[in-house]
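Participant: Construct the entire structure; sequences and hints are all you get.
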Amino acid sequence: MKSCSDRMSLRWRISLAAVMLLGCVALSPVARAQDDAWRSELPASTGVAVGEKIPAFSGTDQNGQVRDFDSIKGPGGAMIVFSRSVDW
Amino acid sequence: MRAKGLGVVVITYDTREIVEDFATRKQITLPVLGDAQSRIIRDFGVLNTAVPEGHMWMGVPYPGTFIVDANGMVKSKYFEDTYQDRFSTPTILLREFGSVAGTRETVVRTDHLEMRYYATRDPIRPNLRFTLVADFEMPEKMHVYTPEVKNYIPIDFQLEPSDKFRARPVDYPQGELLHLEAIDETVPVYEGKFRLTQDVVMASTRSLEEILSGESQITIRGKLRYQACDDKICYLPQTLPMEWTLNVEPLDRQRVPEAIRHK
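Chains as they are written, first to last, in the numbering used here: chain U, 1 to 88; chain V, 1 to 263.
Heads up, a few of these hints could be off.
As the list claims (entries may be wrong) - Which stretches of chain V does chain U cover? Using the computed rule of at least three CB atoms under 8 Å from a CB of chain U, they are: (1) 1-9; (2) 17-30; (3) 60-69; (4) 76-83; (5) 255-262.
Claimed, not checked - DSS-like, lysine-lysine: derived pairs with alpha carbons at most 27 Å apart: (6) V/K26 with V/K4; (7) U/K53 with V/K223; (8) V/K150 with V/K26; (9) U/K53 with V/K75; (10) V/K141 with V/K26; (11) U/K53 with V/K4; (12) V/K141 with V/K77.
If you are wondering where the hints come from, they were derived from the structure by calculation, not from laboratory data. We put the CB at the ideal spot given by N, CA and C, even for glycine.
Facilitator: Below you can see the structure in the form of structure tokens.
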């Protein structure tokens, strides 16, 4: 018959093993790939549909000027480009 | 785009400081709006909702392009399935206006047709989507068969596979129905002038490393097979080799100063 301290020791060793296993899984390439899976998800939305009107917008450009659609468009309309970032 | 009457604006989730640094460094004169709160991005419905809370990317848009008319109605839009890939502007110009100032043309003349082919962009970059274009002109009464034809040899354009790019499906135009009186048959054909296009998406920087560290050129090869007929004779099937040699340049890796980067 095992003593209480033996049982505690066994339980502690099992817990430690479980933590180490979880740690290995978390650091494994498979786990990292799963963590990064969102990067390769298809776009959930491509926004305003063809035939619909774009929302009114305004923002500040690189020169500090406030620009809206009317100040950007040409006689034929506009090309509105959404870019992830200009830095990375 | 301006020559075609379109204004251009770029919208990112960057801060004004980042946008200003970039535009100054690259001498960008078209308006770039830093939508740091992603207000415009949300209003257009293009917020990347897959980004985990707290991640540096939080607030980025799905990259894409809207073409809108002067009243703000969306005429067309261009989005890729993966965030790395990008439509190049010349490909959008080609789709929107049917023409583009391409790279040097190669002209091939046979007894049955004249083919002028080119790429919409040179140099190209990793993950860039551009278009290979072949414009055809056939003499009067000459025709070739569209891909839908039965019992005849259709026109067929194939690229040699490569791990340096992904070829999208060939865009074959709608043909015309031609009635062949001699055999009382109606067949789908191309006559006169027509165009075939094929979009190509370059591989990632990692896959193009060897090219980028070497001669920085890629040769894309393909072939065109067709059988031409006129109102009296069907000629022997032909296979024409095609080749595009394009310069490859790296992505811009220069970043803004550390102090103003996204955290």
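Participant: Keeping to a limit of 27 Å between CA atoms, is the pair of U/K53 and V/K75 held or broken?
Facilitator: Given that 27 Å is the threshold and the Cα spacing comes to 10 Å, the pair holds.
Participant: Can you confirm whether chain U covers the region 60-69 of chain V, using C-beta to C-beta distances below 8 Å and requiring at least three such residues?
Facilitator: holds (count 10)
Participant: Does V/K26 lie within 27 Å of V/K141 when you go C-alpha to C-alpha?
Facilitator: Given that 27 Å is the threshold and the Cα spacing comes to 53 Å, the pair is violated.
Participant: Compare the distance between the alpha carbons of U/K53 and V/K223 with 27 Å, and conclude whether the hinted pair is satisfied.
Facilitator: violated (43 Å)
Participant: Mind checking the alpha carbons of V/K141 and V/K77 for me, to see if they're no more than 27 Å apart?
Facilitator: violated (38 Å)
Participant: Run the distance test for U/K53 versus V/K4: straight-line Cα separation, threshold 27 Å.
Facilitator: holds (21 Å)
Participant: Okay, the region 76-83 of chain V and chain U, do three or more residues pass the C-beta test at under 8 Å?
Facilitator: That given contact holds, which follows from 6 residues of the region 76-83 of chain V lying within Cβ reach (below 8 Å) of chain U.
Participant: Taking a Cβ-to-Cβ distance below 8 Å as contact, does the region 17-30 of chain V have at least three residues touching chain U?
Facilitator: holds (count 7)
Participant: Given that the region 255-262 of chain V was listed as covered by chain U, double-check it with a C-beta distance under 8 Å for 3 or more residues.
Facilitator: holds (count 4)
Participant: Has the region 1-9 of chain V got at least three residues whose CB is nearer than 8 Å to a CB belonging to chain U?
Facilitator: That given contact holds, which follows from 8 residues of the region 1-9 of chain V lying within Cβ reach (below 8 Å) of chain U.
Participant: Are the Cα positions of V/K26 and V/K4 separated by 27 Å at most?
Facilitator: At roughly 24 Å apart (the allowed maximum being 27 Å), V/K4 and V/K26 satisfy the hint.
Participant: CA of V/K150 to CA of V/K26, is that 27 Å or under?
Facilitator: violated (54 Å)
When held up to the earlier numbered hints, the structure conflicts with 7, 8, 10 and 12 and fits the remainder.
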